[in-house]
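Chemist: Sequence:
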Amino acid sequence: MKRMHIHVFIDDLQKSINFYSQLFASKPAKIKEDYAKWMLEDPKVNFAISTHGGKPGLDHFGIQVEDKGELEGMREQLKNADMQTFGVGETTCCYAKSDKTWVEDPSGIAWETYMTMEDVEFFNDASCPTNKDQSSESAGCC
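Under the working numbering, the residue at position 61 of the sequence shown is numbered 61, and the numbers go up by one with no gaps.
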C-alpha cells in the first residue's frame, strides 16, 4: 500500500510540532532536534517537517511504498509516462536509509517515490543536498 508523503520546511520546530500535533490529534512518530515526522493512518500520510532547507514552506511531495516490487512498479510507471527521473538509488536522509527516484512536475515541484529500508541516527549523508535550491541533477534527499 502506498502512503502520501509531504515535507515542509519550518522556522520553529517546537511551535510547529505543537501546531501539527493538535491539527492531527497525534504526536510525532519521530522527533529529532531539527526534524519531526507523523505517520498518520487517517488520513494515511507521512508528514514531515524540518529546519533543513531554504525558505519555509513546501519542500516536496512523495509517494512512499512498502516493498521493492511497489518501488519498481512506480519507477516503471514514471518511465512509461516519459518522465525524466533523477536522484535514483539508495541515499540517507531524514534519519532514514531509503531507495528513491525523483521527478519534477511542470511547475518544478519535486516528487519522490521511495522505500525506507531502515532508520539511522543522522539527518543525511555528506553527498546529499538538503534543500531544493540546488540543481535537480544533484538532488536526491528529503
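Because the hints were derived from the structure by calculation, they are not lab data. These numbers come from a predicted model, not from an experiment. Using N, Cα and C, we set each Cβ at its ideal position, and we do this for glycine too. Treat the hints loosely; a few may be bogus.
Unchecked claim - Here are the in silico distance ranges between beta carbons for each label pair:
{"no.": "1", "residue 1": "Phe-61", "residue 2": "Asp-11", "range": "18 to 24 Å"}
{"no.": "2", "residue 1": "Leu-40", "residue 2": "Lys-97", "range": "28 to 34 Å"}
{"no.": "3", "residue 1": "Gly-108", "residue 2": "Lys-79", "range": "17 to 23 Å"}
{"no.": "4", "residue 1": "Glu-33", "residue 2": "Asn-80", "range": "18 to 24 Å"}
{"no.": "5", "residue 1": "Asp-34", "residue 2": "Lys-68", "range": "26 to 32 Å"}
{"no.": "6", "residue 1": "Asp-82", "residue 2": "Asp-42", "range": "16 to 22 Å"}
{"no.": "7", "residue 1": "Asp-12", "residue 2": "Met-117", "range": "16 to 22 Å"}
{"no.": "8", "residue 1": "Leu-40", "residue 2": "Asp-12", "range": "18 to 24 Å"}
{"no.": "9", "residue 1": "Asp-11", "residue 2": "Gln-77", "range": "24 to 30 Å"}
{"no.": "10", "residue 1": "Lys-30", "residue 2": "Ser-107", "range": "18 to 24 Å"}
Said to hold, decoys possible - Okay, derived cross-link-like pairs now, DSS-like style, lysine-lysine, Cα gap no bigger than 25 Å in a straight line:
{"no.": "11", "residue 1": "Lys-32", "residue 2": "Lys-44"}
{"no.": "12", "residue 1": "Lys-30", "residue 2": "Lys-44"}
{"no.": "13", "residue 1": "Lys-2", "residue 2": "Lys-15"}
{"no.": "14", "residue 1": "Lys-15", "residue 2": "Lys-30"}
{"no.": "15", "residue 1": "Lys-27", "residue 2": "Lys-68"}
{"no.": "16", "residue 1": "Lys-32", "residue 2": "Lys-15"}
{"no.": "17", "residue 1": "Lys-68", "residue 2": "Lys-44"}
{"no.": "18", "residue 1": "Lys-68", "residue 2": "Lys-55"}
{"no.": "19", "residue 1": "Lys-55", "residue 2": "Lys-79"}
{"no.": "20", "residue 1": "Lys-55", "residue 2": "Lys-2"}
{"no.": "21", "residue 1": "Lys-68", "residue 2": "Lys-2"}
{"no.": "22", "residue 1": "Lys-15", "residue 2": "Lys-44"}
Chemist: All hints, please: hold or fail.
Modeler: Verification of the supplied hints:
Between Phe-61 and Asp-11 the beta carbon distance is about 21 Å. The supplied range of 18 to 24 Å therefore holds. Separated by about 22 Å at the C-beta atoms, Leu-40 and Lys-97 break the suggested range of 28 to 34 Å. Between Gly-108 and Lys-79 the beta carbon distance is about 21 Å. The supplied range of 17 to 23 Å therefore holds. Between Glu-33 and Asn-80 the Cβ separation comes to about 41 Å, which falls outside the hinted range of 18 to 24 Å.
Between Asp-34 and Lys-68 the Cβ separation comes to about 30 Å, which falls inside the hinted range of 26 to 32 Å. A hinted range of 16 to 22 Å is violated for the C-beta pair Asp-82 and Asp-42, which are about 35 Å apart. The beta-carbon spacing between Asp-12 and Met-117, approximately 31 Å, falls outside the hinted interval of 16 to 22 Å. At about 21 Å, the CB distance of Leu-40 to Asp-12 agrees with the hint of 18 to 24 Å.
For Asp-11 paired with Gln-77, a C-beta distance near 36 Å fails the hint of 24 to 30 Å. Taking 18 to 24 Å as the suggested C-beta distance range, the pair Lys-30 and Ser-107 does not conform, at roughly 30 Å. The hinted pair formed by Lys-32 and Lys-44 meets the criterion: a straight-line CA distance of about 22 Å does not exceed 25 Å. Taking the CA atoms of Lys-30 and Lys-44, the gap is about 16 Å. The hint holds against a cut of 25 Å.
Distance hint between Lys-2 and Lys-15 is unfulfilled; the C-alpha atoms sit about 29 Å from each other, more than 25 Å. The suggested pairing of Lys-15 with Lys-30 holds, with an alpha-carbon distance near 16 Å, which does not exceed 25 Å. Of the supplied pair hints, the one linking Lys-27 and Lys-68 is violated, its CA atoms being roughly 29 Å apart against a limit of 25 Å. For a cut-off of 25 Å, the pair hint linking Lys-32 to Lys-15 stands: about 14 Å separates their Cα positions.
Distance hint between Lys-68 and Lys-44 is fulfilled; the C-alpha atoms sit about 20 Å from each other, no more than 25 Å. For the suggested pair Lys-68 and Lys-55, the alpha carbons sit about 34 Å apart, so the restraint of at most 25 Å is broken. At roughly 31 Å between alpha-carbon atoms, Lys-55 and Lys-79 are farther apart than 25 Å, so this suggested pair is violated. Distance restraint check for Lys-55 and Lys-2: the Cα-Cα separation of roughly 29 Å exceeds the 25 Å cut-off, and the hinted pair is therefore not satisfied.
At roughly 12 Å between alpha-carbon atoms, Lys-68 and Lys-2 fall within 25 Å of each other, so this suggested pair holds. In summary, the hint linking Lys-15 to Lys-44 is supported, as the alpha carbons are separated by about 23 Å, within the 25 Å threshold.
Checked against the numbered hints above, the structure violates hints 2, 4, 6, 7, 9, 10, 13, 15, 18, 19, 20; every other hint is satisfied.
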